[in-house]
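K.L.:
Top to bottom, those sequences are chains H and D.
Just so we're aligned: the first sequence equals residues 1 to 180 in our numbering.
Just so we're aligned: the second sequence equals residues 1 to 282 in our numbering.
These are calculated hints, taken from the structure and not from any lab test.
Wrong hints could be hidden among the right ones.
[Claimed, not checked] Under 10 angstroms between C-beta atoms, here's a sample of chain D residues computed to sit facing chain H:
#1 7
#2 19
#3 25
#4 26
[As the list claims (entries may be wrong)] Derived EDC-like pairs (lysine to aspartate or glutamate); straight-line CA-CA distance at most 16 angstroms:
#5 47(H) <-> 221(D)
#6 156(H) <-> 11(D)
#7 156(H) <-> 126(H)
#8 47(H) <-> 220(D)
#9 156(H) <-> 141(H)
#10 156(H) <-> 15(D)
#11 47(H) <-> 49(D)
Computed from a prediction, not measured in an experiment: that's the story for all the values here.
Even glycine gets a Cβ: it sits at the ideal position worked out from N, Cα and C.
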Amino acid sequence: MIDRARAGDVAAYESLVRRYQDVALRTAYLVAPEADAADAVQDAFLKAYAALPRFRRGAPLRPWLLRIVANEARNRRRSADRRTGLAVRAAVAGSRDDVAPSPESEVIAEEARGLLLAALGDLRDEEREVIGARYFLGLSEAETAEALAIPAGTVKSRTSRALGRLRATLAERDGGPADG
Amino acid sequence: MADQPLHLRPDAALEDALRGLAGAIDWPTAGPSPAGGPDLAAIVRTRIEAGGSAAVTGPAPSRWSWRPARRALVVAVIVLLAVAALAGAASLGLPGLRLILGPAPISPPPSLEPSRSPATGGPGSSMGLGTRVELADLDAQAGFDVTWSADPTLGPPDAAYVDRSKGGQVALVWAARPGLPETLEPGVGLILTAFRGGITDGFFSKAINQDTTVRLVLVDDARAYWLSGEPHFLFYEGPDGVIADDRRWVGDALLWADGPITHRIESSLGLDRTTELAEAMP
Chain H
1 MIDRARAGDV
11 AAYESLVRRY
21 QDVALRTAYL
31 VAPEADAADA
41 VQDAFLKAYA
51 ALPRFRRGAP
61 LRPWLLRIVA
71 NEARNRRRSA
81 DRRTGLAVRA
91 AVAGSRDDVA
101 PSPESEVIAE
111 EARGLLLAAL
121 GDLRDEEREV
131 IGARYFLGLS
141 EAETAEALAI
151 PAGTVKSRTS
161 RALGRLRATL
171 AERDGGPADG
Chain D
1 MADQPLHLRP
11 DAALEDALRG
21 LAGAIDWPTA
31 GPSPAGGPDL
41 AAIVRTRIEA
51 GGSAAVTGPA
61 PSRWSWRPAR
71 RALVVAVIVL
81 LAVAALAGAA
91 SLGLPGLRLI
101 LGPAPISPPP
111 SLEPSRSPAT
121 GGPGSSMGLG
131 TRVELADLDA
141 QAGFDVTWSA
151 DPTLGPPDAA
161 YVDRSKGGQV
171 ALVWAARPGL
181 PETLEPGVGL
191 ILTAFRGGIT
201 DGFFSKAINQ
211 DTTVRLVLVD
221 DARAYWLSGE
231 PHFLFYEGPD
241 GVIADDRRWV
251 GDALLWADGP
261 ITHRIESSLG
271 LDRTTELAEA
281 MP
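Make the full structure from the sequences, and use the hints.
P.N.:
Listed below in structure tokens is the structure:
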């Protein structure tokens, strides 16, 4: 499919877009919640199509695409004049069919969801991105490194630091001391 | 454990809570399902197949040798402008410049005459580029800071012109020499033009025929266009719609904008080298 798209087969590329559009939209939303994710993803897929000749044959496509999406979203974040956080649905039960219910969904109570979301909003952009890539998008460390254009070692250290800051922020918001 | 405050939970539990949160986030969705948004994949395909007024075909063929490193991220969307099928004008987002994709409102200039000799009044003096000015006076005459490529192999231009009748276009001309092959204009190796495009200004128009290829490329990560193949012709249409009758043929050209200033390099150096020169603009 990738080879056909590289050769200019637009229908093949459309299939690739369809395969990765959901994770691309989530990536864009994660990086720039205040921007129009669909807009960013459209432009990113156009750029990716143009850049396909430079895609290394045999390399994983998903993180390569997400890197372009993240860059596109980041550009829009810089130009946005307001900041908003991720929005959470009222109830997990209302989730769409294509979002598989997570076994961890029940681990977090509804009120804790809001608290966690607010704490995420206190993180720095690069920390929120790495947390989102690892835990929301389910990317591996290697994929996260490629998608966010940072070394694999940085993914590890930044994740650890972000979790620490998240814990501290949660403690602050919850009125108790952080444990560890 | 679910009742324990989040900040007191062990790392693994906090990570689980984050994974659980993913299912509750109101993620944007793609169609075409009724629950989703617009059919994103179809929109992307449509934009590829018909970006603006131009048809867009596949990525650049592999005959391009993409050297990495400093060179521009020359991308590969090939825009083949089929004149018969795609009549109209495309602004391409470059201030003050548009492409005529179909019958031009003015006839082409006379056929190229390859036997012509270099102009005797200096490089570019017979091209209708305007009044020749000294480099020291260029900024004042143009009304904006005129720059050219800092590439060490190029050096300062051999001649500079300003044409107030064409929106104050500045044309910098380098004579042909070893390493700077002739353009369509005998004796001329490279022409860099710059003009300010505003809504009250006129347009430089490029009439593209079916054998001219327009590629979307990047210059310093900004959108640019590379016109190559068969020569196209260039003319100027003033804000009052009057077309200046000094049409001229143009060969390979790179077009890009830096803010309100649109730049155009005409050269026979090819896409890669021309892009390098463009990216060396201060």
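K.L.:
Given a cut of 10 angstroms on the nearest C-beta pair, is the interface hint for residue 25(D) held or broken against chain H?
P.N.:
Cβ of residue 25(D) sits 5 angstroms from chain H, so the hint holds.
K.L.:
Holds or violated: residue 47(H) with residue 220(D), Cα cutoff 16 angstroms?
P.N.:
holds, 14 angstroms
K.L.:
Is the shortest C-beta separation between residue 26(D) and chain H less than 10 angstroms?
P.N.:
holds, 4 angstroms
K.L.:
With a cut-off of 10 angstroms, does the beta carbon of residue 19(D) approach a beta carbon of chain H closely enough for the hint to hold?
P.N.:
Interface hint status for residue 19(D): holds (4 angstroms vs cutoff 10 angstroms).
K.L.:
If you draw a straight line from the CA of residue 156(H) to the CA of residue 15(D), is it 16 angstroms or shorter?
P.N.:
holds, 14 angstroms
K.L.:
Is it true that the CA of residue 156(H) sits at most 16 angstroms from the CA of residue 141(H)?
P.N.:
Judged against 16 angstroms, a Cα distance of about 7 angstroms means the pair holds.
K.L.:
Under the criterion that the straight-line Cα-Cα distance not exceed 16 angstroms, is the pair residue 156(H), residue 11(D) satisfied?
P.N.:
holds, 14 angstroms
K.L.:
Between the alpha carbons of residue 47(H) and residue 49(D), is the straight-line distance 16 angstroms or under?
P.N.:
holds, 14 angstroms
K.L.:
Between the alpha carbons of residue 156(H) and residue 126(H), is the straight-line distance 16 angstroms or under?
P.N.:
Measuring from Cα to Cα gives roughly 13 angstroms; hence the hint holds.
K.L.:
Please work out if residue 47(H) and residue 221(D) have their alpha carbons no farther apart than 16 angstroms.
P.N.:
holds, 11 angstroms
K.L.:
Once the shortest beta carbon distance from residue 7(D) to chain H is found, is it less than 10 angstroms?
P.N.:
Residue 7(D) check passes; min Cβ-Cβ to chain H is 4 angstroms, inside 10 angstroms.
This entry satisfies every hint, going by the numbered hints stated previously.
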